[in-house]
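Student: Chains A and B are the protein sequences, given in the same order.
For the first sequence, the tail end lands on 825 under the numbering used here, and the numbers increase by one without skipping.
For the second sequence, the tail end lands on 160 under the numbering used here, and the numbers increase by one without skipping.
Honestly, the hints are just simulated from the structure, not real lab data.
Hints are supplied without guarantee of correctness; some may be wrong.
[Claimed, not checked] Covered by chain A, per the in silico footprint, the following chain B stretches (three or more residues, Cβ under 8 Å): (1) 26-33; (2) 45-53; (3) 121-131; (4) 151-160.
[To be verified] Here are the simulated lysine to aspartate or glutamate pairs, DMTMM-like style, with alpha carbons at most 25 Å apart: (5) B/Lys157 / A/Glu392; (6) A/Lys674 / B/Asp45; (7) B/Lys123 / A/Asp290; (8) A/Lys676 / A/Glu665; (9) B/Lys76 / A/Glu668; (10) B/Lys123 / A/Asp243; (11) B/Lys145 / A/Glu668; (12) B/Lys159 / A/Glu264; (13) B/Lys145 / A/Glu226; (14) B/Lys157 / A/Asp243; (15) B/Lys98 / B/Glu69; (16) B/Lys159 / A/Asp243; (17) A/Lys774 / A/Asp722; (18) B/Lys128 / A/Asp397; (19) A/Lys277 / B/Asp45; (20) B/Lys123 / A/Asp173; (21) B/Lys159 / A/Glu488; (22) B/Lys159 / A/Glu819; (23) B/Lys159 / A/Glu226; (24) B/Lys145 / A/Glu534; (25) B/Lys123 / A/Asp397; (26) B/Lys157 / A/Asp511; (27) B/Lys123 / A/Glu665; (28) B/Lys123 / A/Asp217; (29) A/Lys223 / B/Glu17.
All residues carry an ideal CB built from backbone N, CA and C; glycine is no exception.
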Amino acid sequence: MRLKRQTNSKKGIAVFFVLFTLIILGILVVQFHVSSRNAQSAVHRFQTSEMARQIAAAAQEEAFKYLYDKTDNPNSKSYDDLDGSSILRKIIDRTSIYAPDFKRTSSNCIKIDIPATVKMAENIMGDRMDITAEARIVDFRNCNYQGNVFYKNEGIGTIEIVTTAKAKEKYKKNFPGACTIVRHHDYKVVSLLSKKERDENYAGNRVLDYALFIRQGQNEFLGNSSDLGFSLNPDKKVQLEINAGSGSTLGKVHFGTDHDHYTFLNLSDKTKDFIPNGNKVIDLLEAEDQDVDKFLPSFRAGIIASYTGLYLGDDCTVTSVNSITGHKALFKHQKLPITDEHINTDTLKNERNTSSKNAVEKQHLFVTNNNYNYFDGIKINPKERLDEILDSDIRKQFFNYGYFLVDLSKCVINVTVKKDMPWPLDDIIESKDLYVIKESPQTVKDTLKTPVICYNYNYSAIFNSNEYKTNIKPKINYEELYNFIKTHDDNQTPSIASRAFTFINNEYSYQLKDEPPIISQDDFHNREYIGNSRPYEAQYPFAHFNLFNKRYVNDVNKLEELQELGILEKNKLKLRGIIHCSSDVVLGENGDITVEGSGVLIARNINIKGAIKKANKDSVVVLFARNGNVIINTSKTIEAALISMKGPDGSGLNMGSDGRIVVNDKLDLKGSLAVDYLNIKQWKETDSHKITYDEALAPTRDVYQVNIANWVTFERVIENE
Amino acid sequence: MINKRKAFTLMEIIIAMALMMVVILSIFMLNQTSNRSSMDAYFETLCFSLAREPIEVFRGLGYETVLAISKNHKLCPAPYKIGEFTNITFDPKLALQYPADAESFQRRIDLTPNSSGKYINIKVTVAPRNMSKAEVWFRKESIILESNIVWKPKW
Numbered sequence: 105m106r107l108k109r110q111t112n113s114k115k116g117i118a119v120f121f122v123l124f125t126l127i128i129l130g131i132l133v134v135q136f137h138v139s140s141r142n143a144q145s146a147v148h149r150f151q152t153s154e155m156a157r158q159i160a161a162a163a164q165e166e167a168f169k170y171l172y173d174k175t176d177n178p179n180s181k182s183y184d185d186l187d188g189s190s191i192l193r194k195i196i197d198r199t200s201i202y203a204p205d206f207k208r209t210s211s212n213c214i215k216i217d218i219p220a221t222v223k224m225a226e227n228i229m230g231d232r233m234d235i236t237a238e239a240r241i242v243d244f245r246n247c248n249y250q251g252n253v254f255y256k257n258e259g260i261g262t263i264e265i266v267t268t269a270k271a272k273e274k275y276k277k278n279f280p281g282a283c284t285i286v287r288h289h290d291y292k293v294v295s296l297l298s299k300k301e302r303d304e305n306y307a308g309n310r311v312l313d314y315a316l317f318i319r320q321g322q323n324e325f326l327g328n329s330s331d332l333g334f335s336l337n338p339d340k341k342v343q344l345e346i347n348a349g350s351g352s353t354l355g356k357v358h359f360g361t362d363h364d365h366y367t368f369l370n371l372s373d374k375t376k377d378f379i380p381n382g383n384k385v386i387d388l389l390e391a392e393d394q395d396v397d398k399f400l401p402s403f404r405a406g407i408i409a410s411y412t413g414l415y416l417g418d419d420c421t422v423t424s425v426n427s428i429t430g431h432k433a434l435f436k437h438q439k440l441p442i443t444d445e446h447i448n449t450d451t452l453k454n455e456r457n458t459s460s461k462n463a464v465e466k467q468h469l470f471v472t473n474n475n476y477n478y479f480d481g482i483k484i485n486p487k488e489r490l491d492e493i494l495d496s497d498i499r500k501q502f503f504n505y506g507y508f509l510v511d512l513s514k515c516v517i518n519v520t521v522k523k524d525m526p527w528p529l530d531d532i533i534e535s536k537d538l539y540v541i542k543e544s545p546q547t548v549k550d551t552l553k554t555p556v557i558c559y560n561y562n563y564s565a566i567f568n569s570n571e572y573k574t575n576i577k578p579k580i581n582y583e584e585l586y587n588f589i590k591t592h593d594d595n596q597t598p599s600i601a602s603r604a605f606t607f608i609n610n611e612y613s614y615q616l617k618d619e620p621p622i623i624s625q626d627d628f629h630n631r632e633y634i635g636n637s638r639p640y641e642a643q644y645p646f647a648h649f650n651l652f653n654k655r656y657v658n659d660v661n662k663l664e665e666l667q668e669l670g671i672l673e674k675n676k677l678k679l680r681g682i683i684h685c686s687s688d689v690v691l692g693e694n695g696d697i698t699v700e701g702s703g704v705l706i707a708r709n710i711n712i713k714g715a716i717k718k719a720n721k722d723s724v725v726v727l728f729a730r731n732g733n734v735i736i737n738t739s740k741t742i743e744a745a746l747i748s749m750k751g752p753d754g755s756g757l758n759m760g761s762d763g764r765i766v767v768n769d770k771l772d773l774k775g776s777l778a779v780d781y782l783n784i785k786q787w788k789e790t791d792s793h794k795i796t797y798d799e800a801l802a803p804t805r806d807v808y809q810v811n812i813a814n815w816v817t818f819e820r821v822i823e824n825e
Numbered sequence: 006m007i008n009k010r011k012a013f014t015l016m017e018i019i020i021a022m023a024l025m026m027v028v029i030l031s032i033f034m035l036n037q038t039s040n041r042s043s044m045d046a047y048f049e050t051l052c053f054s055l056a057r058e059p060i061e062v063f064r065g066l067g068y069e070t071v072l073a074i075s076k077n078h079k080l081c082p083a084p085y086k087i088g089e090f091t092n093i094t095f096d097p098k099l100a101l102q103y104p105a106d107a108e109s110f111q112r113r114i115d116l117t118p119n120s121s122g123k124y125i126n127i128k129v130t131v132a133p134r135n136m137s138k139a140e141v142w143f144r145k146e147s148i149i150l151e152s153n154i155v156w157k158p159k160w
């Protein structure tokens, strides 16, 4: 029997099992290995991203501080850099960096230097990182929630800061992490000072134009009398001296009025020169000979009558007048301020026109008692520039004198002269020019002084009748005269012509200046209170609370919060923008105060017990008692603008109006003072109160304070590779 | 009766075992490497978190407080110490909790004020403690993370 050899079908299967197992194991392990490598790689990316994020975050902080510092000083000279590189100016004007569509380009941003962050990054990883920081404005609102428009560049906006940290190109492989951080900060731009020029939209800082601003000036000095007011100088002797400065722009003085009432300046004969140019005679117009004949139709006939038959001596006699040429008419104007003497003497009693007389007497003057007058109470220097200092509502009545003069100094009278000759010679008849000044007979010469004929075509004729200096008194054709003035007065001072013309109507002019009041009171700060648009209520400084940097600080009567915020540190007051405190603030209790920065401190009452000194002479320091008084309890110099005006309540409707300054010691203020009431009767009795206008308050450009909020309103962190 | 079924040959088994040993050894080594990498990555992540944490806390304290701390180290808040390595401890009673593995690390915080620039450089170094689990698994000697805390207004 043949044995069938059986082959083992399982021969070598162990190797296959092993191989299969190894393959499975190998796959698992490789997967694990790949996974761990990935984890390690991810950690590396995490590590580099974290480093990049820290660098970008540090860059954000440094960039914020950079912007904060660059906008700290509103008077920074860099603002005026001609190359337009000033960051302060870019932010204020929003030139080239405004991107409301959030489009980021290299040209619509401020490039920010961040040396500290760069240095830190180099410490960590050498010079392998590109770190950039830039900022742009992405939103700006120039009006408040009611739609009231702020002044020029004032407003609230959002500034975007973008910082990026990433590896330089050649290190990207080993340093894959990169980070971009975008942050938004709100910022506010508030006007601290405005350029001193007429402007329809004037900022809330308008009162800083004034060395002394009394909002209720007329009410304060009007008193109970319906006709006559109180003196600025009360019964006891208090004297306030105001030095309005010496530069091109002076600190002004303003006495506020109500509708249809005016405050008048009281002058005596001794002080009438305080009105500059008040007594000066100014040339108005000239007219040539033919026009002169129109005004004085009988002048030519008068000359002819005077000269015909005139014996010239040496047997010469004028037989006829052939022509008169070269004579000229001059119109001159003079305004004379009405003084106490005019009112109290017979001057006005002789006034022909009763209505004009009454108009003068019924004005509300500061003074009724001749023992005191305006300048005894308040002295204003420089007095020769008083018309620049006294503003708007202070008015003065004037007598307006118009002079019409005929200048014959170059007048030539051509006459025919007959010289009697002895017989048998014939008489000589010849034509001859007589130059009236040099060659006319003495009797004529006396009357032909320049001016040869002087007419006062208003009331001065009554007071100065002796100015009729010629015996040639041809009557004036007034109609022609006034037509000529109206037609030819093209010197852009219609008030002068009209003023001259008002003589016809027997009216007086009142304003101290020729132009209308500089303050258009309704536009005082471009804010209207609903249903309450009375001008003196509209004259409220720093009214836009939207622009306050900080509001409701110090809610209790303590200074802790001011100190906690770093606004008040020992004897330093650090201002930036407008800071509003709900309660009272006492300054200088523990020593003199040095003020750093520029801004406004608003409180209920501000009690000053020590010197206030500005660290920087160009800075703007305003202390504003908004719902109380400014109380002075020191004789030391206070370098600040003081304001005491009652403000609106929470609704913005109910305005107080009795903010006062209480002066318990000698006032030595270098700055300005704006109050509802001066309250001078309550001042300490001394003659040495002094206000010196700080010329830092009169800049040549608008001065804005930028306040960038520390708080981040939006943040995006982009980690990219 | 003779069993005609043949068993695996000795040679066959020897070859299979040798092959298996070589491969398993390789796999084991690869696995060990991977495991080490994973643990390293884990500890590095933890390490960075421990380094980042005081930076964020100090940034929150603000420039002026940190400046005061840099001048007087006693003012430093409780879990942190300035200028020296401090062991990170796991204590469930503490308000600030760390993972248990954080105990493997020690941390050092250095503050360098720059008065002219009004910023403070904060440098945090995290390193494994001696004889700790991290010392075994964490390859690097330490992790350093830096940032600057810049002055800001308080309002």
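Student: Okay, which hints does this one fail, numbers in order?
Tutor: Numbers 5, 6, 10, 11, 15, 18, 21, 23, 24, 25, 26 and 29 - these are the hints that the structure violates, sorted from lowest upward.
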